[in-house]
Amino acid sequence: MKIKGAIFDMDGVLLNSEILYQRFWLEALHYFNYPATESHVLALRSLTGKKAEAKLKSFFGEDFDYPTVKAKRIELMDNFVNEKGVEMKKGADILLPYLKEKGIKIALATSSPLERAKDHLSRVNLFQYFDTCVCGPMVKNSKPAPDIYLLASEKLGLKPEECIAVEDSPNGALSAINANCKTIVVPDLTPCDESIKPKLFALCDSLLDIKNYV
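Numbering-wise (this note's numbering), the sequence shown opens with residue 6 and increments by one.
Any given hint could be a false lead.
Unchecked claim - Using C-beta positions, here's what the derived DEER-type ranges look like:
#1 194 <-> 87: 21 to 27 Å
#2 207 <-> 120: 17 to 23 Å
#3 72 <-> 211: 36 to 42 Å
#4 42 <-> 99: 21 to 27 Å
#5 210 <-> 36: 25 to 31 Å
#6 35 <-> 145: 31 to 37 Å
#7 83 <-> 54: 14 to 20 Å
As the list claims (entries may be wrong) - No farther apart than 27 Å at their CA atoms in a straight line, the calculated lysine-lysine pairs in the DSSO-like style are these:
#8 62 <-> 75
#9 216 <-> 204
#10 9 <-> 95
#11 164 <-> 216
#12 77 <-> 89
#13 55 <-> 145
#14 145 <-> 60
#15 202 <-> 95
These are calculated hints, taken from the structure and not from any lab test.
From a predicted model like this one, the values you see are computed outputs, not experimental measurements.
For every residue, glycine included, the Cβ atom is placed at its ideal position computed from N, Cα and C.
Hey, can you work out the whole structure from these sequences and the hints?
Below you can see the structure in the form of C-alpha cells.
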C-alpha cells in the first residue's frame, strides 16, 4: 500500500528534547527529595497524565505528589528552553520538506500539550510543515494506547496503514504499532527494544534514512 501520510512523535524524534525531560524530571524529583534514578525517568517516556502519575507512584508510593513535582519539572524545563532554546534532531529540516514535496501529508502525535509543541517546533522552523497536530490532552488514552495515532491518521483523512509513524521510545512505538501504522523507530536515549523490532516497518539510525522508505 502506498504511503500517503507521515506521523511524527516530537520529543526525541524531531527535537533533541527527550533528554531535557529526563534531566528536569530528575532534578524536580531530587528537589523534593525523592530517590530517583535515570531508570525511573526513562520509564516515563511518552507517558502523560494518569499513566505517568501511576508509574511514579509505583516507584515512590501512593503518597507521591505528582502535580507538585510535575509543576516543578515544567518550571525548570521552561526556564531552560526560554534561555537556551531547543535543538532539532539531525535531518528533521531535510526530511519534512522532502515529504511535502512528495505530496505526503504530515501530522504530529505528541504527548506534549499543543501550546508547548507549537512553541518548540516554531523555534526551529518546523511547525510550518505540519498539516495537523494531535497532542496528549486531545485523546482519552495516552501512549502506548493507539488513540493518538488513530486520531492523527483520521485528521489526515487516511487509514493508519497508509501512514508511517516515527517514534523513538518503546511506549510510543507500541502506540503506533497498536494503531496499525507502518512504524519506524529512530532510537534516541536507548536502543530499540528487542521485543518491538519484529513488529517494525523499519529501524533507522537517523531521520535521513527514512527517505529510503517513502
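Exercise. Is the gap between the beta carbons of residue 194 and residue 87 within 21 to 27 Å?
Worked result: Given about 23 Å between the Cβ atoms, the range holds.
Exercise. Is residue 145 within 27 Å of residue 60, Cα to Cα?
Worked result: holds, 17 Å
For this session: Compare the distance between the alpha carbons of residue 202 and residue 95 with 27 Å, and conclude whether the hinted pair is satisfied.
Result: holds, 23 Å
Exercise. Between residue 83 and residue 54, does the C-beta distance stay in 14 to 20 Å?
Worked result: holds, 19 Å
Problem set entry | Proposed proximity, residue 204 with residue 216 (alpha carbon, max 27 Å) | Holds - the C-alpha atoms of residue 204 and residue 216 are around 20 Å apart, at most 27 Å.
Problem set entry | Cβ separation of residue 72 and residue 211, checked against the hinted range 36 to 42 Å | Roughly 37 Å apart at Cβ, these two residues keep to the hinted range, so it holds.
Problem set entry | Pairwise beta carbon distance, residue 35 to residue 145, judged against the given window 31 to 37 Å | Holds: the Cβ-Cβ distance is about 32 Å, inside 31 to 37 Å.
For this session: With 21 to 27 Å as the target window, see if residue 42 and residue 99 comply at their CB atoms.
Result: Given a distance of about 36 Å, which is not inside 21 to 27 Å, the answer is violated.
Exercise. When you check the alpha-carbon spacing of residue 62 and residue 75, does it fall within 27 Å?
Worked result: The hint holds at about 13 Å.
Problem set entry | 27 Å limit on alpha-carbon distance, applied to hinted pair residue 55 and residue 145 | holds, 11 Å
For this session: Would you check the hint for residue 9 and residue 95, treating anything up to 27 Å between C-alpha atoms as holding?
Result: holds, 23 Å
Problem set entry | Range hint compliance [Cβ, residue 210 to residue 36, 25 to 31 Å] | About 36 Å separates the Cβ atoms of residue 210 and residue 36, which means 25 to 31 Å is violated.
In summary, the structure is inconsistent with hints 2, 4 and 5 from the numbered list given earlier, while agreeing with the others.
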